[in-house]
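Residue numbers (the working numbering), protein chains in the order written: chain Y, 1 to 391; chain W, 1001 to 1228; chain B, 2001 to 2391; chain U, 3001 to 3202.
Think of the hints as simulated: they come from the structure by calculation, not from any bench.
Be a bit skeptical, because a hint or two may be false.
Said to hold, decoys possible - Label pairs and their computed distance ranges (CB to CB):
1. B:2266 to U:3181: 57 to 63 Å
2. Y:309 to U:3039: 39 to 45 Å
3. U:3099 to W:1222: 34 to 40 Å
4. U:3181 to W:1088: 52 to 58 Å
Quick reminder that beta carbons are idealized off the backbone N, C-alpha and C, glycines included.
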Amino acid sequence: MIVWMDQFFVLLRNWLVGFLPVSLQGFAGVLLSVVTIVLLFPALFALAVWLERKGLGRMQNRLGPNRVGPFGLLQPIADGIKSLTKEDIVPLSADAPVHFLAPVVLVVAVFMGFAVLPMGRNMVLVDMDAGLLFYFAMGASTELAVFMAGWSSRNKYSLLGAMRAVAQMISYEVVLLLSSVAVVMISGSLSLTKIVEAQNHYTWGLPHWYIFTPWGLAGFIMYAIAATAETNRSPFDLPEGESELVAGYHTEYSGFKFALFFLGEYLAMFSISGLGSTLFLGGWSAPFSFLTWVPSWIWFFSKLMLSVFVFIWMRGTLPRLRQDQLMNFAWKFVLPFTLLNLMVTALWRFMGEGWERWVVCSAILVVVYVVMARVSLYKEHIRPRRYRYAD
Amino acid sequence: MKTMEEIKAAIEAAAPGAGVEIVPNPSPSGQHSLRIAPSHAVAVATFLRDDAELALDFLSNVTGVDWLDKEVTEKVKVTSTVTKTVDDVEQDVEETVEETRKRVQPGCLEVVYHLFSSALKHGPVILRMKTMNRTDQVELPSLTPIWRSAEFQEREVFDLYGVVFKGHPDLRRLLMWDEFKDHPMRRDYVDPDDYEYEPTPHDAVLTRANAHKAAEEAKAREGTGAGL
Amino acid sequence: MTDTAFRREKMEEGWNRPPLIEEDGEAELLEVAMGPHHPSTHGVFRMDLALDGERVVRLKPVFGYLHRNHEKIAEGISYLASMPYTDRLDYICSLTNNWAYALAVEKLVGQQVPERAEYIRVILAEFTRIQNHASSIGFLIQEMGASGTPLMYAFREREKILDLFEELTGSRMMCNYMRFGGCRVDTSAAWLDAARKVVDGLPGFVDEFENLLSTNEILMARCQRVGILRPELAVNAGITGPMLRASGVNYDIRKVDHYGIYDRFKFRVPLGDHGDIYDRYMVRILEMRESITILNQALRDIPGGPIMDAKAKIRGFRPKPGEAYGRIEAPKGELGFYLISDGGPNPYRYRVRPPSLINLTVLEDMCLGSNVADVVLIFGSVDIVLGEVDR
Amino acid sequence: MLGEGILKGMAETARNFVGSYFSAERMTTVEYPEERIAPIEAARVFPFLVYDTENWEAGLRCVACQICEKECPPKCIFIEKSKDKKPDAIGKPQFYPTRFDIDISVCMSCQICVEVCPFEAIKMDNVFELATDDRFGGLLLDRKELAKSNEYYHGIHPTEAARVDARLAAEKVKADAKSTAAVVASAVKGAERPAPPAAGGV
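Isolated chain Y (complex conformation) (with noise of 0.2 Å):
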């Protein structure tokens, strides 16, 4: 039974692919996952637009969407019927054929990032040798898809927001790289499945996660920077920033082409949430022994789901960073954290069981950490004043 509920969708899978031709079944398998892929992340993504209205509004002492359905549910399908329904505007001089391919690009490549996240026991698309890479070499093209849209709408803040867009991802792609690569070294592979396999085993009861090391929590906490600056949501979203650039490179995108930016945006989210839940939270093994009897496919998604909040709950409390700050904050600070972080995950590797490598990791990490966070802001001048009265 449990065994049943784990593999429930790949026996199902397995299922409807027997009703077909040998020949064919291979090959139906994939259009299954793949089809069930691109029905469901957008299912999660109208789940996510509610959860996210509904959970600013609650930070914000406000109900959040109400009217439509039960607890306003229905809230993104009318959203969605909505900007189904808008007209199409493309700038008088714009470059109509890139305008129009930009949101496709854009959505194509986080798509396929899915393909190699493995969201259950034996529930990933291809498993692939190379996972990580095939992932990073899909989340990259998404910077093209982004300059495209701020190239072709001809429009200040577009191109504006284009520029600052670019900047930022190259920038992050480094650092998201590198506090993966600390990951591989640890598990000694780029196959996503085999990471997941390396961290799901249990001492008294705990998960062998990578959090739970102290290399693990500095690359994740880089990781979760990265990820934010990657997906441009906030404290990180200075391409879009609407006080700023309006709405930055879609400025001029209207109707449905605006919905599948904002789904691309959202997809993206899931996918490096994804990501890094298999790199640093154990994927889809349990947070505790006796719970394993839970199909595996719900920890991910709830893991999932549950940095979707995280970066809700950022989004409702800190306000954006400037570009050079941003600029300064990767290049100058979380780079070379990373780098440090790298020799320690080394340190670790080759210092053998015990807890002396607890000691001297964490002690590094922390001293590192505490030293450079008070170096940099003391150059920036930062810090908080004290006031002086008149009478």
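With chain Y fixed as given, assemble chains W, B and U onto it according to the hints.
What follows is chains W, B and U alone, placed relative to chain Y:
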């Protein structure tokens, strides 16, 4: 703070020939003002700002005022010596007769500056300047080089009253659009006919708007070009 | 004509011109018209920017989109009839506008105000100051990209204050409450109790604001040493209000003029040392705290008695010829009314000294050399309302 | 300084997130069409004309003195004065408005007409759901639409109405005494108008 007379004396000592004149204010506010000659305005302003005892470093308010030409009817007491017979004796008696005279007071545009001191926390000291008339000699020196706060306010006075400030770094219209011709705050400004098209209970406005609309349509029919 | 053909024709006419301009044949500058419909111009306001990359090299503010010629209207109607129009100047703080106008007219005619009315005026003005500062900080952080959370907290508290205003004056924003020689209606004991209750909740609200924002590293990084205004320039340019005090100039009209009965209350004037956005933010926070102490004192000491001077006239109000300039410390700065009477029922000249407009004098000076993103912030930290700028 | 500020802020939003489910202080939203707040006595929306007796036309307190028309800041009131006089509620002959229109699309709810009215004839209503699809006809209220009974006035502004009634009664007593005196003295003229009440608020 010094009294008006003392300030007047100080200004005259610092900028001889400034032609300072105290304009009394009969209202209970008691805010009397100083009228200065435009030719010496910059010197006076610099003195007021830099003088240690006055230190009027903060120009709060710049205002334009439009004084139309107006016919003043004033009662003037005229004293004349009249020979009268009082108690059967002919005497020269001083007699005061009230005569009603009419004269036309020429109109002008006036600019009023309210000065305060942020360092010494006193004020207001009110400066006034007059243009020669309301039509062609409407130039006054700009005090923006002395107090930056006059920048937008003098632009506003230029825009709404038509006072041309010499020496203003960027004298453009502030509130009305650049193509606008008139100066709407002048007392003799007339609203354009198309001010309000909407039906209101006030038939006068409506009638005027309708007339304007009809005229405009007729014009368009004739093909003589756009209305406005 | 087909869309494509139309497009082609327009492109040949020069629509396709790249959005770059040449200046002196040296640098290529990007000209951006920020506004009049830009998300963060607080209404309809335009800034013509010339950008070198993202750095501002020129900024020209353009006003007048909301111009109603308030002063001209006022010259055509009676003194009393201008009172509701003053509500519409700075529509966030109608009560201080009322007070400034009432004060100017009282100076013009030498009208006395009963003690109770003075207390009510102080209470309402300080409530207005708190809600203005709270929402202006909210708008500022909104422009920093915090998705409106502080703004919503500010609006939550503002709602309570507006409820008080509505109960007393009959309107939430367009209060039209003060009259020459007093106030329109008396406060009930129940209203005073409700006001005390609201005041008791305010320190907690300010604490919440401070927890959320004051030590936030991103906010400090964005605000500190940005948009610096030197005190000499601030005084010379006629800057008033929290902006002037953030530059370190001790000039609070409540302390300087002692208008009303402000000399009876014990409160301090917070001063900033740097004159940057963070100082403006903090000065507003600290002024809110001082306002709470004033409110506590006023609500404790409020005496009984009439609220209108017996000699005050509602109908047939004709001041003797003369002029008066009355000013108060409105939340945004010095709000002055300059009135000239020719003895008639209407003012001969009615002039508003709008703090919002004059505080914008130094906008270009503060913005030169900073980023587009900073322009938005600096503009937000000036705290303007377009209803007052354009009148 | 090492991210505590950010964490403090996140804690604050989390507190509000949870608090919004439990605390009415935090969740102040009123879901308007379904949920309504109690009517506020001081609320003012648009003016109406008070009448005293059963018949609205005869009982209007307004005597078409046109002070409100003159004082109205946006000039949204339009009055036509009658040529003849009709007895008012007390039975005294008065002018009356043959036309009294208020354009509520122009009215800015400032209450100045109420303050300047010497006859307590115009008061502020608190009905605000007046949206209509007829901008010009539907928002121009004539005298029939504006007329509301004194009981209605008592219903929406009880304290203010009681004060007004007391004052009117006092004036009536005074006027009666005066007219009696006048009759006694055979001064035929009588009081043409009630003396305007002393200036001072509403």
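Now for the hints, and whether the structure bears them out:
no., hint, result
1, B:2266 to U:3181: 57 to 63 Å, "holds (58 Å)"
2, Y:309 to U:3039: 39 to 45 Å, "holds (41 Å)"
3, U:3099 to W:1222: 34 to 40 Å, "holds (39 Å)"
4, U:3181 to W:1088: 52 to 58 Å, "holds (56 Å)"
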